[in-house]
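A.B. asks: Protein chains in written order, with this note's numbering: chain E, 17 to 224; chain V, 17 to 224.
I should point out that these hints are in silico values taken from the structure, not numbers from a laboratory.
Incorrect hints may have been included.
[Stated by the list, open to error] Straight-line alpha carbon distances no greater than 30 Å define the calculated DSBU-like cross-link-like pairs of lysine-lysine that follow: (1) K48/V x K130/E; (2) K18/V x K180/V; (3) K48/E x K18/E; (4) K18/V x K48/V; (5) K180/E x K130/E; (6) K180/V x K48/E; (7) K180/E x K48/E; (8) K191/E x K180/E; (9) K191/E x K183/V; (10) K183/V x K48/V; (11) K48/E x K183/E; (12) K191/V x K183/E; (13) K48/V x K191/V; (14) K180/V x K191/V; (15) K191/E x K130/V.
[What the hints assert, rightly or not] From chain V, some residues computed to sit far from chain E (all C-beta separations above 10 Å): (16) M17; (17) N40; (18) R44; (19) C56; (20) K87; (21) A123; (22) R156; (23) C166; (24) K180.
In this text, a Cβ means the ideal position worked out from N, Cα and C, and glycines have one as well.
Number of protein chains: 2
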Amino acid sequence: MKVSIIAFDDFTDIDVFFMWDLLNRVERSDWKVQILGERCCVESSTGMRIPVHARLEEANSSDVVLFASGKGTRRKMYDEPFLAAFNLDSERQMIGSMCSGALLLAALGLLEGKRATTYPTSKELLESMGVTVVEESFVREGNVATAAGCLAAQYLVGWVIEEKLGKLERDAVLKLIQPVGEGLSFSDFAPKKVTSMGNVAGTKSHVQ
Amino acid sequence: MKVSIIAFDDFTDIDVFFMWDLLNRVERSDWKVQILGERCCVESSTGMRIPVHARLEEANSSDVVLFASGKGTRRKMYDEPFLAAFNLDSERQMIGSMCSGALLLAALGLLEGKRATTYPTSKELLESMGVTVVEESFVREGNVATAAGCLAAQYLVGWVIEEKLGKLERDAVLKLIQPVGEGLSFSDFAPKKVTSMGNVAGTKSHVQ
């Protein structure tokens with residue numbers, strides 16, 4: 017199971033790192049999460065420079081492809097070499113976006129005739145591309161989904177985990193990041209708490 | 017106004033990047049956010065390697081010092097050179113922690129006689145250091161505050177922004193990351209929306 021996050025210069029920090037952190041909380045040897053970009057590194061809009069794990073073309077053989085957001089989407093949506101790297105297929109892949117990442121899905125023809133959501137500042141631009149933009153945090157159309165507002169990353173990642181591994185695994189992962197006393201309890205880490213997957217919940221990620 | 021995030025190897029990704037992203041949404045020329053570490057770079061528990069902006073000693077002249085969390089705290093709490101770099105003063109500085117970052121506050125003597133919160137897996141260890149650990153998402157004791165559960169970063173950062181810049185600025189920043197339709201609306205970005213600070217809301221960070 018290969019899950020790829022698509023990044024580019026001028027990405028919004030939290031929209032890459034939240035997905036990255038959450039997806040890495042799945043503890044299975046066959047679950048691989050990677051950040052893809054055009055060059056060795058990508059730099060966020062705040063100047064955070066991170067290495068990428070592989071080139072964009074890796075997306076085409078991924079099971080799940082999630083597009084990040086950020087100011088950079090306004091350039092990338094018109095960037096022919098960037099767009100040409102992708103040969104995605106929503107019949108065999110789950111494809112999603114955070115915030116203005118929806119502009120890239122639209123540029124790739126993946127939102128034709130579909131409803132979608134995006135960050136408020138890219139609503140008009142997305143509409144101008146023929147997409148029916150709705151004021152919702154998460155919109156799923158078959159194997160294509162859009163989420164908007166940074167904290168909606170939970171819904172996008174939750175969708176991926178539930179589809180691939182089931183609802184119990186989704187719930188176990190999302191619980192790990194909730195505020196203490198508001199979804200996460202001290203008692204949640206009593207010894208030998210076993211999830212549906214047969215693993216102790218959070219053996220990798222719970223030490224925070 | 018200098019806000020420093022303390023990082024170290026084996027940090028929890030979201031607990032650094034969420035604070036970093038949120039704090040960078042404050043748009044003031046005198047507001048500086050930096051990540052501090054012992055060496056050029058720090059690596060998260062998922063292998064995300066990022067550069068730091070300055071050395072740990074910068075914390076001592078910062079207005080706000082926020083400790084990240086992660087597996088690394090279990091080593092750093094006993095690491096004398098690491099701890100010796102800090103000469104913090106809760107009379108003149110705001111000091112806080114995410115999740116197990118509370119172990120570092122305790123190791124620095126900043127939680128003596130105080131209530132605090134931490135991630136469930138570090139509750140017993142923090143209690144063994146003489147701290148009264150409570151199952152709450154955010155605990156403030158004067159200028160020292162602890163938050164637990166990744167999404168509680170909102171409360172910790174919100175506390176900092178409200179104390180330094182006021183409640184309206186806090187609310188404006190936190191709104192930017194809420195899910196669309198659940199705290200953030202398409203209409204929030206109507207032209208010329210002016211905040212209490214006299215700036216158009218989100219002129220820097222809103223393009224996502």
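A.B. asks: Now tell me, hint by hint, if it's right for this structure.
C.D. replies: Here's how the hints hold up against the structure:
1. K48/V x K130/E: Answer violated: K48/V to K130/E is near 42 Å, above 30 Å.
2. K18/V x K180/V: Holds, because 11 Å separates the two Cα atoms, which is no more than 30 Å.
3. K48/E x K18/E: 5 Å, holds
4. K18/V x K48/V: Cα-Cα ~5 Å, so holds.
5. K180/E x K130/E: Within the cut-off at roughly 23 Å; holds.
6. K180/V x K48/E: Violated, at about 41 Å.
7. K180/E x K48/E: This hinted pair holds, its Cα atoms lying about 13 Å apart.
8. K191/E x K180/E: Holds, at roughly 18 Å.
9. K191/E x K183/V: 29 Å, holds
10. K183/V x K48/V: 19 Å, holds
11. K48/E x K183/E: 19 Å, holds
12. K191/V x K183/E: 29 Å, holds
13. K48/V x K191/V: With a Cα-Cα distance of about 21 Å, the restraint between K48/V and K191/V holds, given a limit of 30 Å.
14. K180/V x K191/V: 18 Å, holds
15. K191/E x K130/V: 27 Å, holds
16. M17: Per Cβ check, M17/V is outside 10 Å of chain E; nearest 16 Å; holds.
17. N40: N40/V is in fact no farther than 10 Å from some Cβ atom of chain E, at 5 Å.
18. R44: 15 Å, holds
19. C56: The claim stands: C56/V keeps its Cβ more than 10 Å from every Cβ of chain E (closest is about 12 Å).
20. K87: 5 Å, violated
21. A123: It holds; A123/V is separated from chain E by about 17 Å at its closest Cβ, greater than 10 Å.
22. R156: Since the minimum Cβ distance to chain E is about 14 Å, R156/V lies beyond 10 Å and the statement holds.
23. C166: Check fails; 4 Å does not lie beyond 10 Å.
24. K180: Per Cβ check, K180/V is outside 10 Å of chain E; nearest 19 Å; holds.
Hints 1, 6, 17, 20 and 23 from the list above are not met by this structure, while the remaining hints are.
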